[in-house]
Amino acid sequence: MTSTFSGIEIGKRAVIAHQQALNTTGHNLSNMETEGYSRQRVEFSPFEPIYLPGLNREETPGQIGQGTVVERIERLRDQLLDQQIVARASGEGYWTARDPYVRMMEQLYMEVGDNSMRSRMDAFWDSWQELSRHPADTAPREAVLERGKTMVDAIHDRYRGLKGLQDMVNQDIQLTVGRVNDLSKQIAGLNKEIQKVRAQGDNPNDLLDRRDLLVDKLSSIIDVTVDSRDPDEFMVHTSGFVLVQGKIGRQFDLEQGIETEGYSRIVWGETRDEAHFRGGSLAALLDLRDNTIQSEIQNLDNMTMNFVDLVNEIHRESYGLNGTTGQEFFQEYPFVTNLNGNYDRDGDGEFDSSYIFRINGTNALEPQAQLGIEGTISLSGATGNVQVPYYPTDTVTEVVTRINNAGGEVVARLNRDGFLSLKGTPAEDPSNPDFVIRHIEDSGYFLTGYAGVLNGQGPAGAYNWAQADASAALSGGVQDYSVAPVAHPSGWIDINPALLRDVNSVAAGFGENGRSANPGNGEAAMAIAAIRNTRVMVGSQGTFDDYFADAVGRIGLLGEQSGRQLETQNLAMKTLKDMRASVSGVNVDEELSAMIRYQHGYAAAARFITTVNTLLDTIINRMGVS
Numbered sequence: 003m004t005s006t007f008s009g010i011e012i013g014k015r016a017v018i019a020h021q022q023a024l025n026t027t028g029h030n031l032s033n034m035e036t037e038g039y040s041r042q043r044v045e046f047s048p049f050e051p052i053y054l055p056g057l058n059r060e061e062t063p064g065q066i067g068q069g070t071v072v073e074r075i076e077r078l079r080d081q082l083l084d085q086q087i088v089a090r091a092s093g094e095g096y097w098t099a100r101d102p103y104v105r106m107m108e109q110l111y112m113e114v115g116d117n118s119m120r121s122r123m124d125a126f127w128d129s130w131q132e133l134s135r136h137p138a139d140t141a142p143r144e145a146v147l148e149r150g151k152t153m154v155d156a157i158h159d160r161y162r163g164l165k166g167l168q169d170m171v172n173q174d175i176q177l178t179v180g181r182v183n184d185l186s187k188q189i190a191g192l193n194k195e196i197q198k199v200r201a202q203g204d205n206p207n208d209l210l211d212r213r214d215l216l217v218d219k220l221s222s223i224i225d226v227t228v229d230s231r232d233p234d235e236f237m238v239h240t241s242g243f244v245l246v247q248g249k250i251g252r253q254f255d256l257e258q259g260i261e262t263e264g265y266s267r268i269v270w271g272e273t274r275d276e277a278h279f280r281g282g283s284l285a286a287l288l289d290l291r292d293n294t295i296q297s298e299i300q301n302l303d304n305m306t307m308n309f310v311d312l313v314n315e316i317h318r319e320s321y322g323l324n325g326t327t328g329q330e331f332f333q334e335y336p337f338v339t340n341l342n343g344n345y346d347r348d349g350d351g352e353f354d355s356s357y358i359f360r361i362n363g364t365n366a367l368e369p370q371a372q373l374g375i376e377g378t379i380s381l382s383g384a385t386g387n388v389q390v391p392y393y394p395t396d397t398v399t400e401v402v403t404r405i406n407n408a409g410g411e412v413v414a415r416l417n418r419d420g421f422l423s424l425k426g427t428p429a430e431d432p433s434n435p436d437f438v439i440r441h442i443e444d445s446g447y448f449l450t451g452y453a454g455v456l457n458g459q460g461p462a463g464a465y466n467w468a469q470a471d472a473s474a475a476l477s478g479g480v481q482d483y484s485v486a487p488v489a490h491p492s493g494w495i496d497i498n499p500a501l502l503r504d505v506n507s508v509a510a511g512f513g514e515n516g517r518s519a520n521p522g523n524g525e526a527a528m529a530i531a532a533i534r535n536t537r538v539m540v541g542s543q544g545t546f547d548d549y550f551a552d553a554v555g556r557i558g559l560l561g562e563q564s565g566r567q568l569e570t571q572n573l574a575m576k577t578l579k580d581m582r583a584s585v586s587g588v589n590v591d592e593e594l595s596a597m598i599r600y601q602h603g604y605a606a607a608a609r610f611i612t613t614v615n616t617l618l619d620t621i622i623n624r625m626g627v628s
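Remember, our numbering sits 2 above the position in the sequence shown when you count from 1.
All clues stand as given, with none of them false.
Calculated lysine-lysine pairs in the DSSO-like style (CA-CA distance at most 27 Å, straight line):
1. 576 x 219
2. 198 x 187
3. 219 x 249
4. 187 x 219
5. 249 x 187
6. 187 x 579
7. 219 x 194
8. 198 x 249
9. 579 x 219
10. 165 x 151
11. 194 x 249
12. 219 x 198
Just so you know, these hints were derived from the structure itself, not from any lab.
Given only the sequences and the hints, what does the whole structure look like? Please build it.
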């Protein structure tokens, strides 16, 4: 039998339901400026009717409704759009982190005015030119030393600027790793809370918003993908590895290594395996520190080392005004004190490597002479040995050019006396030392009998750095070679103190037949000045001027690329976020309209209760015997 008081229950449910809807609208309005908040909507559903199928019931026209209830409070989100934003965020984060540092690098390379490194090097060459005109005077020698000091200061300034920028990026990496660890821990904690709420049959909307916001922040730092197929096991992956699984949030650690010059490597806390990232601000910082900035430092080191070696090569063979010879203009610091370049690389107390930077042949070569022989030269490269073939019709110059363009980490030139000079370059792999020749081999006779570099052909006669006394493989056993320098010569290059003590020790002329140079001989100074426009550099950089032009152009292109990519990523992300805001964002007009609707529903439900109350009052108080 239908209850007399069922109308009161219907009205009560309607009042409660509309009150919850009004509260939800107020919740939306109060959080319209909250980052990551998604608007919520109340979904009403009819309450179960008084009679259900299969139950005993009285004869009625149909099921008797019992009003409305709030089935759930749903947050409005587009999951597909969220996945697109998470996927795109790593690209935006990458270029957002990279762009400011590239701009700072551009400032270091601004070649404006007389204080630029290029202007100071030009002044240095001019001073040698002037000395070649007045080799018997002291004043030009003083100018050479002063211009040399300013040149050294410019190189030091650029190195310190790049190194300081690299240190800054490394600190940023350390802070960013801590942020990733904190985010993964927070997401795992929210997973635990969300699971508890769902176990009670509720929708943890605000917790879900908070988790999605943290995932968005994480996706801008590292490349992540989200797997939410199992609501109780929400997972976050990065680079194919699980970072967050349910209530477990994995952590990263930082490890310092010798091969990274003390900079931090990122490793997984559990396995100690190195972590690799394909996108996000952390990948940008790692790429900046380990590739972009490191490459610029190596280019500067390469220019400096060639500059020092070439000037010293001529100065050693020349005579000063006081008759001294054999002195270097720039002070060099060898990596090892052993004259054979022997070094204990693994630290077991035994020499196991040979650190040799430059090797000169024993036979003078004619640049345009055809070889008349053929074979293949094997030289150490970034990822293995590179092969350089040569043929009977090739000239010496063509073989030298082919070596320099082969992409190896050994380069060649003919020195002033026509001897083939092989040099090590900065190594791409951090585990290999810079400016060390690691392998030289020739299947034919170009490096053996022709140039006089090696003792023999093939693997048996090859030079291999991974042994002590590797110089024994060189022609004659005792060879014109120099050991590798201390790392980063652009940071320590300096004028020879002996020249500063006696300016007349600055060499200007070549001797003849073992006799010192005539005071009026300026040939050595002219030869040093000629280095300026002589093709003495390596690979695509023919002269020192080419180095400066290439460096400025390269940094300019990096800045242009960074700016355009950042603008593109920002526009793409803005479009996606605007689309999400149209779905999930709080619109004041829409919320006020909903509030008025719920308010009228609440008033109608209250009026209905009043009407039912009047009916009940009539039954209870006005019916019966008078």
